[in-house]
Amino acid sequence: MTTAPAARESAVGTARTRVEGRDKVTGAARYAAEIPFAGLAHGWLVLSTVARGRITSLETAGVLAMPGVLTVLHHGNAPRLNADYIGLLGVPPDPTCVVFQHDRVPFMGWPVALVVAETPEQAREAAEALVVRYEEEPHDTAFTRDRPDAYPVGGRMPAETRKGDMEAALAASAVVVDAEYTTPEEYHHPMEPHAATARWDGGRLDVVDSNQGATWIVGELANLFSLDPASVRVRSEHVGGGFGSKGIRAHQVAAVMAATHLRRPVRVVLTRRQMFPLAGHRSATIQRIRLGADTGGRLRALEHRSLSHTSTVHEFVEPSTGATRVMYDADAHHTANLVVRLDLPTPTWMRAPGEAPGSFALETALDELAEKCGIDPIELRVRNEPERGPVSGLPFSSRNLIACFQEGARRFGWADRDPRPGLRREGRWLLGTGTAAASFPVMALPSTAAVTAEADGTFTVRIAAADIGTGARTALTQVAADALEVAPDRVRMRIGDSDFGPAMIAGGSMGTRSWSWAITTAAGELRERLVPGAGIPPEGITVRSDTTEAVGALAQMERHSFGAQFAEVAVDVTTGEVRVRRMLGVFAAGRIINPLTARGQFTGGMIWGISMALHEEAVRDSVSGGHYGADLAGYHVATHADVPHVEAHWIDDPDPHDPVGIKGIGEIGIVGAAAAVANAVRHATGVRHRSLPIRPDRVILAGTAGAGADAGAGAGARAAGEAHA
Amino acid sequence: MKEFGYQRASDVSGALALLGADAGARFLGGGTNLVDLMKAGVERPSRLVDVRGLPLDRIEPTADGGLRIGATVTNSDLAAHPGVRSRYPALAQAVLAGASGQLRNMATVGGNLLQRTRCGYFTDVSRPCNKRVPGSGCPAVEGEHRNHAILGASAHCVAVHPSDMAVALTAFDAVVSYRTGDGPGELPLADLYLPVDGTPHRETALPQGALITAVTLPPAPVAALSRYRKVRERASYAFAIGSVAAALDVRDGVIREARLAFGAVASRPWRARAAERTLTGAPAGGETFAAAADAELAAARPLPHNAYKVTLMRNLVVAVLTGLTEEAAR
Numbered sequence: 001m002t003t004a005p006a007a008r009e010s011a012v013g014t015a016r017t018r019v020e021g022r023d024k025v026t027g028a029a030r031y032a033a034e035i036p037f038a039g040l041a042h043g044w045l046v047l048s049t050v051a052r053g054r055i056t057s058l059e060t061a062g063v064l065a066m067p068g069v070l071t072v073l074h075h076g077n078a079p080r081l082n083a084d085y086i087g088l089l090g091v092p093p094d095p096t097c098v099v100f101q102h103d104r105v106p107f108m109g110w111p112v113a114l115v116v117a118e119t120p121e122q123a124r125e126a127a128e129a130l131v132v133r134y135e136e137e138p139h140d141t142a143f144t145r146d147r148p149d150a151y152p153v154g155g156r157m158p159a160e161t162r163k164g165d166m167e168a169a170l171a172a173s174a175v176v177v178d179a180e181y182t183t184p185e186e187y188h189h190p191m192e193p194h195a196a197t198a199r200w201d202g203g204r205l206d207v208v209d210s211n212q213g214a215t216w217i218v219g220e221l222a223n224l225f226s227l228d229p230a231s232v233r234v235r236s237e238h239v240g241g242g243f244g245s246k247g248i249r250a251h252q253v254a255a256v257m258a259a260t261h262l263r264r265p266v267r268v269v270l271t272r273r274q275m276f277p278l279a280g281h282r283s284a285t286i287q288r289i290r291l292g293a294d295t296g297g298r299l300r301a302l303e304h305r306s307l308s309h310t311s312t313v314h315e316f317v318e319p320s321t322g323a324t325r326v327m328y329d330a331d332a333h334h335t336a337n338l339v340v341r342l343d344l345p346t347p348t349w350m351r352a353p354g355e356a357p358g359s360f361a362l363e364t365a366l367d368e369l370a371e372k373c374g375i376d377p378i379e380l381r382v383r384n385e386p387e388r389g390p391v392s393g394l395p396f397s398s399r400n401l402i403a404c405f406q407e408g409a410r411r412f413g414w415a416d417r418d419p420r421p422g423l424r425r426e427g428r429w430l431l432g433t434g435t436a437a438a439s440f441p442v443m444a445l446p447s448t449a450a451v452t453a454e455a456d457g458t459f460t461v462r463i464a465a466a467d468i469g470t471g472a473r474t475a476l477t478q479v480a481a482d483a484l485e486v487a488p489d490r491v492r493m494r495i496g497d498s499d500f501g502p503a504m505i506a507g508g509s510m511g512t513r514s515w516s517w518a519i520t521t522a523a524g525e526l527r528e529r530l531v532p533g534a535g536i537p538p539e540g541i542t543v544r545s546d547t548t549e550a551v552g553a554l555a556q557m558e559r560h561s562f563g564a565q566f567a568e569v570a571v572d573v574t575t576g577e578v579r580v581r582r583m584l585g586v587f588a589a590g591r592i593i594n595p596l597t598a599r600g601q602f603t604g605g606m607i608w609g610i611s612m613a614l615h616e617e618a619v620r621d622s623v624s625g626g627h628y629g630a631d632l633a634g635y636h637v638a639t640h641a642d643v644p645h646v647e648a649h650w651i652d653d654p655d656p657h658d659p660v661g662i663k664g665i666g667e668i669g670i671v672g673a674a675a676a677v678a679n680a681v682r683h684a685t686g687v688r689h690r691s692l693p694i695r696p697d698r699v700i701l702a703g704t705a706g707a708g709a710d711a712g713a714g715a716g717a718r719a720a721g722e723a724h725a
Numbered sequence: 001m002k003e004f005g006y007q008r009a010s011d012v013s014g015a016l017a018l019l020g021a022d023a024g025a026r027f028l029g030g031g032t033n034l035v036d037l038m039k040a041g042v043e044r045p046s047r048l049v050d051v052r053g054l055p056l057d058r059i060e061p062t063a064d065g066g067l068r069i070g071a072t073v074t075n076s077d078l079a080a081h082p083g084v085r086s087r088y089p090a091l092a093q094a095v096l097a098g099a100s101g102q103l104r105n106m107a108t109v110g111g112n113l114l115q116r117t118r119c120g121y122f123t124d125v126s127r128p129c130n131k132r133v134p135g136s137g138c139p140a141v142e143g144e145h146r147n148h149a150i151l152g153a154s155a156h157c158v159a160v161h162p163s164d165m166a167v168a169l170t171a172f173d174a175v176v177s178y179r180t181g182d183g184p185g186e187l188p189l190a191d192l193y194l195p196v197d198g199t200p201h202r203e204t205a206l207p208q209g210a211l212i213t214a215v216t217l218p219p220a221p222v223a224a225l226s227r228y229r230k231v232r233e234r235a236s237y238a239f240a241i242g243s244v245a246a247a248l249d250v251r252d253g254v255i256r257e258a259r260l261a262f263g264a265v266a267s268r269p270w271r272a273r274a275a276e277r278t279l280t281g282a283p284a285g286g287e288t289f290a291a292a293a294d295a296e297l298a299a300a301r302p303l304p305h306n307a308y309k310v311t312l313m314r315n316l317v318v319a320v321l322t323g324l325t326e327e328a329a330r
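Just so you know, the sequences run in chain order Z and F. Going letter by letter, the first sequence gives residues 1 to 725 in this note's numbering. Going letter by letter, the second sequence gives residues 1 to 330 in this note's numbering.
One or more of the hints may lead you astray.
Said to hold, decoys possible - Restraint ranges, calculated between C-beta atoms of paired labels, are given here:
1) F:ALA23 to Z:THR119: 22 to 28 Å
2) Z:LEU701 to F:HIS201: 30 to 36 Å
3) Z:ARG264 to F:PRO128: 56 to 62 Å
4) Z:GLU136 to F:HIS201: 22 to 28 Å
The hints are simulated quantities; they were obtained by calculation from the structure and are not laboratory data. Everything numeric in this text was worked out from a predicted model, so none of it was measured. For every residue, glycine included, the Cβ atom is placed at its ideal position computed from N, Cα and C.
Given these sequences and hints, build the entire structure.
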């Protein structure tokens, strides 16, 4: 070690462009579907064209005779898989990825066969020519408010929490809000579609994939194919976006199955259209919130009930009331997450699962309460700031929500706001502003890392982390540099390879925190091992870490990031057009490692919130039970023209119990963003929109406050049926 | 996907010959719609005859003071042309309201006119569609039709035509020139698109194997004061849910001439002739504009989930005509 620590500046906290940026913009970075293999064959999935029923026949003979076709795998000839296990994330596999095991079809787009051919074009043509016959059964895809078959579902949190006497507290409240909010099916399609290549190499299964955690996928494949995990290697060096969608999916399993069957490398890539049923999504939600408060806006009663849907084959809950258990307290406090099983594809984690739709409902309801009480929405939140976890009773590790609101209000110019709706006009546009709170849990999971001091004075870090476009590779380089007390250009960060040892996934906003913990631990031990002046052997000196014990020793507390969202919108009620003019978010989200990429994470989430508020909605055809317009022309996200001036700021908020002070920033940017936009639409027009997205037709039909009632689900009124559309 | 042949034509007669030699062949312009449909399996041509290199890429004045636009002029070049911008501004605005810069650089005028509907049932080969498979049914009538037709549809098909450009061209009485092996021909754009009736798969009146060679805009002084306004579900890069191309000649507060066409409400660009009749000779003002919109929309037959379009189109007509009147007064 020759570096003088005193002369070195901290890398953490400085803005850095991505260490792999040059490779990405020059095309040198290869993504999963681009890496060449000798003898590569190509698989194409065949998906069901009925929403429920049974496969009666697959007419494979003609297809097998088509040019280049090597095999057709289906339930009649596929090897049996083992689905009886609990994976890394604590859940059994979604049967959607346990392909070709039986003749049942539980939803439109269920994988029924894989056609493998010499070229992708031949495979696709043959797959499209494959005749599959079904015995079709009536399907049930109706997502409605009062499903008698809905039931509470837990998961990473209890299904229900309850304290106090709700009806008594409501009856005693001077002000009551009782409203229903709906959000539609939403899809998280990264630019890079799902792709995997599987091959057997020297007795090991080698999978080149695009995923959010190599360790995760190794575990799933080893279980499914009854293999020793040590004989499975998964690599995922560059990932073009994930957002929760890139876990174990049908394409990886089908590729492994075909590579095993054919004894040659097989690649399976999903098309955009195939991703709709196969890559997961956010369930639609129907949420009811009842608030009771005194005239000063202090909550006496808070009830939040959320219904989401899952498939008939796998239980997944969109836990929309989770944040309600953290944000606000009341004498009577009741939350419940319910699920109904429908003949629909299985949902999954999508950026801020639970918090995103839940915050739309809760933070809109708070805005309604503020208006009813005649209190500024920020002041209302100040008055309802809890001292301890409202449900858990645990102390907060830190809670800087009000500081975010104060800083945001100052930057946004909130103090000048006239709260009365429908007053500001600029040409054909009505103008309004809105705000909402945000929170997201702070978590960490055990990881391992290896740090090597190389003979040439550089360092190599190996960790099975995933950079899904967030800048994690760069942030980890900065963390490692500080832990090693060297400049970042002396650190080589190698990630995305399961052979580097078990590590947490890129998910739950806990990737960078979990990985940094392991890296700093190993780096610290390595520095102790390095003797100043002594030589380093040619193979280097390597220290490994495992944070299982340290992470497990964290005390039980309410650990969260917080934020305040602000939006200004313009609405033309004659054409239904809604345009966001500016957004501003202030976050208390732990120590910020790289301000450049962190800002991208925050603003990316906020822009997603604009999409959620105004555009995103998968349309389901009630007759067939399938998607309508299942592509990015039919499923709208915000374009550049929809994204105005978006500002993200943060306040100093290092986590007191993390070695680096990290909390996690991947998801909080979307939380509350849609509510801020919807609250601004209310302020502009006087109409409360309680169903997302706030589409032109909904705005036109709702008109203005003078012309009629509120839009959307409303206070015990109509339109739950619209939620699933 | 199906394997296909590809040939590049260098002159019109060569293109016609190449197409005529293969019953499964299709002309390829910018490919911005056809190639997508090939990927989706909706179009399965055996051969593509690329006509983008044909010498039809000029915009020239006609003897009578109009403009003749070659069929392979790109959308970008059309929108940027000084004569289009000054004399038919609604046309330039319509083109720029469509697609993205990259797509407009590829897309051609001839191809734009012949693009297919974006109805989600048409583009999904696993679903019935009378336009794609005659007689298979129209799921949109009972299913998803929020952005489907309110005018001129039938029980067999409620899809809308997606073009913005064609709406403005329709308002300005454009004429389509084409060539077949038998020689040249012409069709008013208003007659290019066939009524839906019971045959939604028959979309145009072009003879078999015809190649569009040009679109001619007759002189239209009224078009100098014209507007195209498009409403869509996001600010850019989406098809219209309703659009209006309008031109007004107002003198002394009286409408001497009006042109009005609607987009995204019918299987073709919808020339609003009933509205034009109401406008002509009437005083320019909100009441007249609303009456004109009502006259046209009296024929609207909305489905359960697209009735908002009637309100939208009425509001749009009033807003666009009001704006034009204000501009005329300046």
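Structure versus earlier hints - violations, ascending order | Hint 3 is the one this structure does not satisfy, whereas the remaining hints hold.
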